[in-house]
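Chemist: In case you want the letters, here they are:
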Amino acid sequence: MRGTRGLLVGLCGLVLAGCASTPPSADALAANDPYEQTNRDMLKLNGKIDRYFVIPTVGIYFLLVPEGGRRGVHNFLGNLSLPTIFVNDMLQGEVSRAGKSVWRLFINTTVGIAGFWDPASKMGIPGHGEDFGQTLAVWGVKEGPYLVLPFFGPSNPRDAFGMATDAAMDPTNQIPFKQHIWWSAGREYFTLLDLRGQTYQTIQGIQRSSVDYYSSLRNLYRQMRAEQIRNGRPANQELPDF
Amino acid sequence: MRLKNPPVLTRRAMLASAAMGSLLGAHPAAAAAGTVAETFVDENIHKGLDILKDKKLTLTQRRDQFETLLLGLVDVRRIALFTLGQYRRTAPPEDVEAFVNAFKNYATAAYQSYFAKYTNQTLKVTGSTQRSDTDFIVQTLLIDPNSSQQPSEVDFRIRTDSGKPVLVDVAYQGIWLSLEERDQFVAFLGQNNGNVRSLIAHLSELAVNLGKQT
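Protein chains in written order, with numbering that gives the first Met the number 0: chain L, 0 to 241; chain S, 0 to 213.
Any given hint might turn out to be false.
Okay, the calculated bits of chain L under chain S, using three or more residues with CB under 8 angstroms as the criterion [to be verified]:
(1) 49-63
(2) 202-209
(3) 215-229
By construction, these hints were calculated from the structure, which means they are not laboratory data.
Treat the numbers as computed from the prediction; the structure is a model and nothing was measured.
Note that beta-carbon positions come from the ideal geometry of N, C-alpha and C, so glycine has one too.
Extracted from the complex, chain L is given alone in its bound form (with noise of 0.2 angstroms):
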């Protein structure tokens, strides 16, 4: 069975393509983000998700989960993503971390109790991240036009596909139980919690101190997902003049 995510990610490239017959102007071409109009009015609506939803229920979270609690939380999700990680770094030909995802999947699932604890970061082994869309990065796919997703945020058409293909590859979305959609819900609805919890001062922060919030997101998504996919090797030549 196909995770929630999966199948959201599809219905939002319907949405989008639905929404994409305004002519872009020649800045938003400039910007690789023929759709402009249509993001920016996703983005309004993910900001009214959030404002009415999100942050409402973060706030409910935060009061009633402890600090520890949250951690275990944060730990227990990064867990379940291993396996997808792991495969990930074999398909992008990263041997190396490839056995980092796997000791740190023994290690935090036995002796981390379910992935609760994380103690192979303390061994040394800390954590790192990959999706599918990193992969086809890494494999010479170009990115596409800049996205603006519902619920999901900035993203690209590479980044979607990836991000379906891993639900579809995650081993959990292969289990198959008779209340597999709220195990998926549910692990959507954590992983958004933890996520928004984290990055609350930081996304108010770049909210307050934007002149246009939009580009401001969209160049910080690049370049992060840039610094992402080299797996944070310098990239200084890459750097315009000035």
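Model the placement of chain S on the given structure of chain L, informed by the hints.
Modeler: Chain S alone, transformed into the frame defined by chain L:
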């Protein structure tokens, strides 16, 4: 995706280049300039963090001291002109000059706001790379002594064109501030018919609001 620790490959590459440089005795002047850039960052960023965490200073004293230090270290004019993108060429010269002034106030408030979050952390210079004779990237790690998390990577771009090192950009975890500002400003100007005065008004308002929060 790597989270926060420098990759082994990069560390090995840096060690290898350092070893090769010392063996061959290559580019002693460049190496010296790299050291100058590293020292510049090491000394001055600590000075800035010390000002921001000095509880004896009033809000105004802290802001004034930080501004004085920052304007002595940062080539604000160079950054401001870069962030205008293509509009630098088409805007009236008097608007460009007014923008440079507005940007100075905005940058001071924004930098103060960014660095104020890290006053309990220490910055460790780990090395530098040279892009040209006068262009260096100094790599540092931001270490939080009260956290078990991996240190964050912060890079400083230093130019030495005028003979004296100046800071022209900062990157947090690979995200360069000036590139992000340029995209914002160019998008804003694109939506406002290239009217630099509207950007100046917006920046001035932001600088005031950011100043109130720090």
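Chemist: Residue count check for the stretch 49-63 of chain L against chain S: does it reach three with CB-CB under 8 angstroms?
Modeler: violated (count 0)
Chemist: How does the stretch 215-229 of chain L fare against chain S when you require at least three residues with a CB closer than 8 angstroms, holds or violated?
Modeler: Three-residue rule met by the stretch 215-229 of chain L, so holds; n is 10.
Chemist: Verify this for me: three or more residues of the stretch 202-209 of chain L with a beta carbon less than 8 angstroms from a beta carbon of chain S.
Modeler: It holds: at least three residues are needed, and the stretch 202-209 of chain L offers 4 whose Cβ sits within less than 8 angstroms of chain S.
In this structure, only the earlier hint numbered 1 is contradicted, and the remaining ones agree with it.
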